[in-house]
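Here the protein sequences line up with chains D and U, keeping their order. Residues 1 to 558 (our numbering) make up the first sequence, in order. Residues 1 to 220 (our numbering) make up the second sequence, in order.
Among the hints, erroneous ones may be present.
[Stated by the list, open to error] Once the Cα atoms are required to be at most 30 Å apart in a straight line, the calculated DSS-like pairs of lysine-lysine come out as:
1) D/447 x D/202
2) U/196 x U/186
3) U/142 x U/25
4) D/202 x D/269
5) D/202 x U/25
6) U/142 x D/447
7) D/366 x D/269
8) U/142 x D/202
9) D/366 x D/202
The set of hints was computed from the structure by calculation and includes no laboratory data.
As a plain string of letters, each chain reads:
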Amino acid sequence: MNSVRDRNESAWLLPAGPGINHRLRADMRHFDDEEEVDVVIVGCGAGGSTMAQRLARAGWSVVAMDAGPFWDPETDWVSDEAGSHHLYWTEPRVIGGADPVPLGSNNSGRGVGGSMVHYAGYAPRFHPSDFRIHSADGVGTDWPIEYTDLKPYYTEIEEELPVSGQDWPWGDPHSYSYSPNPVSGNGDMFLRGALACGITAKVGPVAIANGRFGNRPHCIYRGFCLQGCKVNAKASPLITHIPDALAHGAEVRADSMVTRIEVDERTGKATGVHYNRRGSQRFQRARMVVVAGYSIETPRLLLNSASARFPDGLCNDFDLVGRYLMVQGAPQTAGRFDAEVRMYKAPPPEVSTEEFYETDPTKPYKRGFSIQTVSPLPITWAEHVAAQGHWGAGLRQYMSDYVHWSCLGALCEFLPLPENRVILSSEKDRHGLPVAQFNYSQCDNDKALMRAAQSVMEDILHGAGADEVITIDRYAHLVGGARMGADEHSGVVDGDCRSFAVPNLYITDGSVLPTEGSANPALTIMAVAARAADRLTAGGSGSPADRIPVPVRRGATG
Amino acid sequence: MSGLPLDPSAGGGRFPGFDVMAQSKHWDEVTTSVVVSRLGMPPDIRFFRGTEEATASALCDQLLDQKNPPRVPVVNMVDARLADEQTDGWHYDGMAPDGQSWRDSLAALDEDAMVHSGCPFAEAPWDAQSAILQAVLDLGSKPWHGTPAARIWSLWTRYACTAFYSHPWAWDEIGFPGPAYPRGYKNLGVNEPGGKNNRLEPFEVADARPAQDPLRKGNS
């Protein structure tokens, strides 16, 4: 199928202009808890929604649950920073380790669409080297699949979001179906600085069409991408995959917090999920369970699903669940200009460079980082300024200078470490379940990358003419925690996202990524899910009951 | 121009005539109701008990340098979030959740003020309060009343800055037009100094003192 619309009609199922297709939602199919559906999916973010759309298209009966709401952007989202707090996962969690990572805001979503509702919109591919960093550099681990395995799915998803950008020279060079969006003051400063420093920078890759796409309107450059796109211009699964899933008979069951996966002790197969919906404990029967709750909640759900067969947590025979969780080091460096940059105008995602992505043999560290425009709105900017130690009168004066600042952000590839993990805390949530404790400690390579990225961002901003630069250390993007591996000693799932321990249990979210590259993970999560769905449905549509595929194993990589 | 009293030498009056609320007729209804609610009567104090309210008020005034009225009602906005448990969910291992950490740290501030000034924090002179807070900040990651000072500092500033910079008066002060839906922006690009390449929207106001870089000495 060549046409996007032929394989995913979502953009044509939305109304022309902003808003949702109320008829499609009102007519949504509803399954009974007692009905054994082909698949129940836990989480409607990047991975879960892609699975729901693909499997529904293949004729499977699908129930896709999400703990949060089924958003209506027109009524539920605002063009306001403080008023968008409800887009985040703010259920209790504990953070620890030597370098604890704050959660809840930029790195976890809730509701249908997941954290792609409030991601900036960058949609870069991983590089071919990402899949072999242990072989090439002796760090991290190798994936059980190669870049070439994902490549067709990258292309598909890029067309479905769709992604805008210049011809991309890094990694596996490729082009985008939409030309780049115009750049604002912040993107312009990045391009000027990069030019002055001899660094190649490109506009894109951003999941906002430069033009209309189906019935989705053109971007209006209002700059509130991180608060949820009311326009329907920026891609999130809520508008890119869920409408097509509904049209093919999937049920989205929102406000449903899955608390436990049930496994039949006799057959060793998953039989469905326990969930809490509006105060009622319920159980949905299913022939297959797909977990897509992201890197904190997926491990937590597995650990909370312990049983006689799995005393240490579901799929945790080899103590891998929750481990090798990664964040990207995401320092932000800002520069001050006498010109007015007004970085709040236009989407924050505009320009990037991947020139520092790969291992540079002349450097004392392995792997690298990417640099992108980020354009904090006032509250986030105040946090940036306060992190410099400014407060009181100094803070007010700094903030009065907001329109003169340009801001870049790096994504540094942190390495997967076994002790960076989710465990269960002694603290309980309102359902009475142990909450996740997320421990993080950086290794020396991680720290070296943070400083190297900061130095390049300072050079770029000085190159553009900034007279002062300031940096805040922060972290973005969770991946790992239930990684894929060549065998059950190295991963929780195989390269097709099928768990080694339970043959009809799949995990298709960011937690399966063995490494993180220096790329924003959304596109890769969707591509991995699309590939998993393709493997599951290969050979035609119909009921999956007797068609659980034999896992394909590749050479062990330790 | 912002209704908040801020001396020009401290960054006040840089956007003469700029008025965010004058554009509210161009905003969508849902957003407008959220923003307008911040301009109405401040929410009643529900979370802070007894003297906590006085200590928290003095702390918030210090953090945002709101010495004189009219003020953005930062303490009421912080209180409302804590009363609603509108946190980011996470808390540090070994540190209480946000609400209790606020209570504990306010009590600790009073203890410090008793030692420093012989009175509760709220009753200490402005400069004495400032000195007490600067001492907390200067501890960095060292403990303050049993908790790494930087974590407490971050707790205070996150809540206080979120409240203050969500208020249209603060947006007036920094030249930020606030909500932008459904209108959006049409003039993207860098405004060069001296009015070259004007990329302002009709409702945006140019900075009257573009060289007032906070770190450039001798600026005005």
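Status of the hints after comparison with the structure:
| no. | hint | in the structure |
| --- | --- | --- |
| 1 | D/447 x D/202 | holds, 26 Å |
| 2 | U/196 x U/186 | holds, 18 Å |
| 3 | U/142 x U/25 | violated, 50 Å |
| 4 | D/202 x D/269 | violated, 48 Å |
| 5 | D/202 x U/25 | violated, 37 Å |
| 6 | U/142 x D/447 | holds, 21 Å |
| 7 | D/366 x D/269 | violated, 41 Å |
| 8 | U/142 x D/202 | violated, 43 Å |
| 9 | D/366 x D/202 | holds, 24 Å |
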